[in-house]
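Could you put the whole structure together from the sequences, leaning on the hints where they help?
Using UniProt numbering, the letters of the sequence shown map in sequence onto residues 1 to 275.
Hints listed in this document are in silico derivations from the structure and should not be mistaken for laboratory results. Be aware that a few hints might be false.
[As the list claims (entries may be wrong)] With a straight-line cut-off of 27 angstroms between C-alpha atoms, the simulated DSS-like cross-links for lysine-lysine are:
hint	residue 1	residue 2
1	253	66
2	79	54
3	19	54
4	147	54
5	213	264
6	238	253
7	79	133
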Amino acid sequence: MGVCFWLAFNLPVRIAEAKTINLVAVGDSLTYGQGDTHHNGGYVGLIKQDLDKKQKAKVKTQNFGKVGDRSDQIMTRVKNSTKIQKALAQADVITMTVGGNDMMKVIQDNFMLMLTDQLDGVMPKEKKSYQKKLQALIRTVRYYNPKAPIFLFSIYNPFYVYFPTIQDLPKYTADWNDIALEQAENDGNIYFVDINDRLSQGQYLNKDQTQLKKESQLDLNKTSSIKVEKMLADEEEKNDYLSSDDHFHPNDKGYRYMTSRLYKVMIKHKKTWMG
Numbered sequence: 001m002g003v004c005f006w007l008a009f010n011l012p013v014r015i016a017e018a019k020t021i022n023l024v025a026v027g028d029s030l031t032y033g034q035g036d037t038h039h040n041g042g043y044v045g046l047i048k049q050d051l052d053k054k055q056k057a058k059v060k061t062q063n064f065g066k067v068g069d070r071s072d073q074i075m076t077r078v079k080n081s082t083k084i085q086k087a088l089a090q091a092d093v094i095t096m097t098v099g100g101n102d103m104m105k106v107i108q109d110n111f112m113l114m115l116t117d118q119l120d121g122v123m124p125k126e127k128k129s130y131q132k133k134l135q136a137l138i139r140t141v142r143y144y145n146p147k148a149p150i151f152l153f154s155i156y157n158p159f160y161v162y163f164p165t166i167q168d169l170p171k172y173t174a175d176w177n178d179i180a181l182e183q184a185e186n187d188g189n190i191y192f193v194d195i196n197d198r199l200s201q202g203q204y205l206n207k208d209q210t211q212l213k214k215e216s217q218l219d220l221n222k223t224s225s226i227k228v229e230k231m232l233a234d235e236e237e238k239n240d241y242l243s244s245d246d247h248f249h250p251n252d253k254g255y256r257y258m259t260s261r262l263y264k265v266m267i268k269h270k271k272t273w274m275g
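Here it is in structure tokens:
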């Protein structure tokens, strides 16, 4: 008995090693981290830090974001890259930003229609096209990894603070996000990370926007695209969550917000990736 007692207190204690989580991020410039002044991959670098610290996990990340990519271009990269395919196959968690550049392409092609709330004529066709492209992208990702949870970010309206009286853009931003939500529900293991309201409205969210709208009430029917472009070229960004470099991508504060939303959704569905 004495020997057993001695052995029990003198055997080396084994400390369980932290589980390694492979997080693979695919998408556009928001995954790449455009606007991140620390050049740490935006939310991808930040979520690694949060999970390492708060969940005692050992997180390895691979970032396959590319500036300017639309949904079909992201899919093409996945299909053509054995590196991305291998990473996806080994992923425990997949994150994705997609859709913002698809929407921007529609806006660029129909800029004056947007300013005068006349996008109704072109959007039904564009929405169907985006839906098919997003479905194809998700099918492609699922071909290489049918089991890992996918955390899919919403898109947002970067023009809201400049043009809060325009009704078309918030409406179609919501439609774009509804398409993503539908894909999430159809898959059953895709989780939607909603950043739309905060990144669209910035510091004005949940506040009286009367003054903001009063200051922004331009006669858009008489406003040239050149004048609008000059407004957007102002070096001072009016939305505290977006970068003054391009008035489109998140700044450091915006990426921290994206990360906080992602972390919250990931923890809610922790069993899907932590086991």
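We went through each hint and held it up to the structure:
1. 253 x 66: Measuring from Cα to Cα gives roughly 21 angstroms; hence the hint holds.
2. 79 x 54: violated, 35 angstroms
3. 19 x 54: holds, 13 angstroms
4. 147 x 54: holds, 25 angstroms
5. 213 x 264: violated, 32 angstroms
6. 238 x 253: holds, 14 angstroms
7. 79 x 133: holds, 14 angstroms
In this structure, the earlier hints numbered 2 and 5 are contradicted, and the remaining ones agree with it.
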